[in-house]
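Peer 1: Sequence:
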Amino acid sequence: MKTYSHTLPVNEQIAGRYRIQGVLGEGGFGITYRAWDEHLERLVVIKEYLPGELGVRDSDTLTVIPRANREEDFGFGLKRYLDEAKSLARFQHPNIVRILDHLEAHGTAYIVMEYEEGETLAERLKRRRGEMGEEEILDLCLSLLNGLREVHKAGLLHRDIKPGNIFLRKSGEPLLIDFGAARHALGEHSKSISAIVSGGYAPPEQYSTRGKQGPFTDLYAIGAVLYELITGQAPLESVERSHHLTEGEPDPLSPAAQAGNGKAPDWLLTLNDRLLRVPSKERPQACDEVLREIRSHRVSREMPAVVSKFEEAPAVQGTRLVTEEERFGPDRTQWARERGPGLIAAGVLLAVSILGVTVYLLLGRSGERPAAIAGTQAAVIGLSSDGLGVRETVPPAIGAGDGLPPIVQAEAAPNEAEWYSRVSKIDTGFGYQLFLRKFPEGSFSEEARRRFNGSGP
Numbered sequence: 000m001k002t003y004s005h006t007l008p009v010n011e012q013i014a015g016r017y018r019i020q021g022v023l024g025e026g027g028f029g030i031t032y033r034a035w036d037e038h039l040e041r042l043v044v045i046k047e048y049l050p051g052e053l054g055v056r057d058s059d060t061l062t063v064i065p066r067a068n069r070e071e072d073f074g075f076g077l078k079r080y081l082d083e084a085k086s087l088a089r090f091q092h093p094n095i096v097r098i099l100d101h102l103e104a105h106g107t108a109y110i111v112m113e114y115e116e117g118e119t120l121a122e123r124l125k126r127r128r129g130e131m132g133e134e135e136i137l138d139l140c141l142s143l144l145n146g147l148r149e150v151h152k153a154g155l156l157h158r159d160i161k162p163g164n165i166f167l168r169k170s171g172e173p174l175l176i177d178f179g180a181a182r183h184a185l186g187e188h189s190k191s192i193s194a195i196v197s198g199g200y201a202p203p204e205q206y207s208t209r210g211k212q213g214p215f216t217d218l219y220a221i222g223a224v225l226y227e228l229i230t231g232q233a234p235l236e237s238v239e240r241s242h243h244l245t246e247g248e249p250d251p252l253s254p255a256a257q258a259g260n261g262k263a264p265d266w267l268l269t270l271n272d273r274l275l276r277v278p279s280k281e282r283p284q285a286c287d288e289v290l291r292e293i294r295s296h297r298v299s300r301e302m303p304a305v306v307s308k309f310e311e312a313p314a315v316q317g318t319r320l321v322t323e324e325e326r327f328g329p330d331r332t333q334w335a336r337e338r339g340p341g342l343i344a345a346g347v348l349l350a351v352s353i354l355g356v357t358v359y360l361l362l363g364r365s366g367e368r369p370a371a372i373a374g375t376q377a378a379v380i381g382l383s384s385d386g387l388g389v390r391e392t393v394p395p396a397i398g399a400g401d402g403l404p405p406i407v408q409a410e411a412a413p414n415e416a417e418w419y420s421r422v423s424k425i426d427t428g429f430g431y432q433l434f435l436r437k438f439p440e441g442s443f444s445e446e447a448r449r450r451f452n453g454s455g456p
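For the sequence shown, numbering that gives the first Met the number 0 gives the first residue as 0, with consecutive numbering after it.
Hints are not guaranteed to be accurate.
[What the hints assert, rightly or not] Under the rule of at most 16 Å between Cα atoms (straight-line distance), these lysine to aspartate or glutamate pairs were calculated in the EDC-like manner:
hint, residue 1, residue 2
1, K262, D272
2, K85, D57
3, K152, E446
4, K169, E204
5, K169, E115
6, K262, E135
7, K85, D138
8, K169, E116
9, K262, E134
10, K85, D100
11, K169, E415
12, K152, E288
13, K78, E103
14, K169, D100
15, K437, E415
16, K152, D287
17, K169, E103
18, K437, E417
I should point out that these hints are in silico values taken from the structure, not numbers from a laboratory. Note that this is a predicted model, so its numbers are computed, not measured.
Please construct the entire structure, taking both the sequences and the accompanying hints into account.
Peer 2: Structure, rendered in structure tokens:
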């Protein structure tokens, strides 16, 4: 760990519970420590409120003291800091940092968070020295947007999304960290705007105390991160772009469609350019809008491969072909043949495709999945040579202690957070059902039930 000035020393105890082990980082708004929770005997991350412009630590007492004539600003920021912690503590989402505790000590405030092994996206990009692959980018965007959607639904904004504030677990799953609401409030209060924006990632409205902000503000930052992932270059500052456009000059930022040509599909480059529009009204206005677009393109691309896997899947024991007459009766079968065989086939294939895509994306893309898919208790549907048929699969009996359908047992399940992250990316009722059967009383079960009740197929 690096050595910093004005930090708490190693082995210093906070609130008689958290023992400092070292410094993880330091910024203009505070210091981040690794610490040991002596009550629960586990590692935690602790963020200390210590904006350098407003306060300083007494080297003898370790107490943080407001600078002269900045007492009011320091106190205002401290209150907002704790308010932000209380707001974030409500979230239990795999892509939002988990707040465990918040407290006051040493004349300042502390936020205690779950400790995770991993690195920031900024560190990952620096280590790799280049761009990320398309699948990795899409996975990252879906996870971030799912977490951000929950933040926006609670009436909050992140306000400081950038690679340094996206933490990647060892599994690759991202966490949104270091929210900027308290910094934004303090900046507006003290008129110190420079302390609350990250050049290249902040849209123009964040540079003015009168700028109207909303979900579209965070979506600009998502677009800036996406631009860097695709092109390998961080975008120009939005105020510079805004100045050129106001003067009637061309936008100095090369559009993603040009800078990322050949590095990502055209639809993703077009979406990236929409996210980076300087006028806020020209950007997507909500996470759901972006999520729908990404999912629709991803599913439409992968669906043919999934249907092919179903067609190639071997029949399992207890499977037989059911004719139209057996399934629907002679009257309905005659109507189907005369009025709309195409509609029936389309509907059936749509249903199996949705199920297939859900399973395919949820369990992964290994080539050894067809048998597991064929073993599901859902019907496996195909087109026979002499008409439409339904192959009804009788599922193997589930043991008393299993509690899971065979489709879930095909592969060792990841932990709950990773499972829920996968399920929320797919966002189908079938996916939430699988999750709830695996984790009926888990940390995310309540949210999964809510999403299931309002979800699609």
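Peer 1: Compare the structure with each hint and give your call.
Peer 2: Do the hints match the structure? See the list:
1. K262 / D272: holds, 14 Å
2. K85 / D57: violated, 28 Å
3. K152 / E446: Judged against 16 Å, a Cα distance of about 13 Å means the pair holds.
4. K169 / E204: violated, 35 Å
5. K169 / E115: holds, 8 Å
6. K262 / E135: Cα-Cα ~13 Å, so holds.
7. K85 / D138: violated, 29 Å
8. K169 / E116: Within the cut-off at roughly 6 Å; holds.
9. K262 / E134: holds, 12 Å
10. K85 / D100: Since the Cα atoms of K85 and D100 sit roughly 9 Å apart, the hinted pair holds (cutoff 16 Å).
11. K169 / E415: Cα-Cα ~15 Å, so holds.
12. K152 / E288: Measuring from Cα to Cα gives roughly 14 Å; hence the hint holds.
13. K78 / E103: holds, 10 Å
14. K169 / D100: Violated, at about 24 Å.
15. K437 / E415: Given pair K437, E415 holds - Cα atoms ~9 Å apart, limit 16 Å.
16. K152 / D287: holds, 11 Å
17. K169 / E103: Cα-Cα ~32 Å, so violated.
18. K437 / E417: Roughly 13 Å between the alpha carbons, so the hint for K437 and E417 holds.
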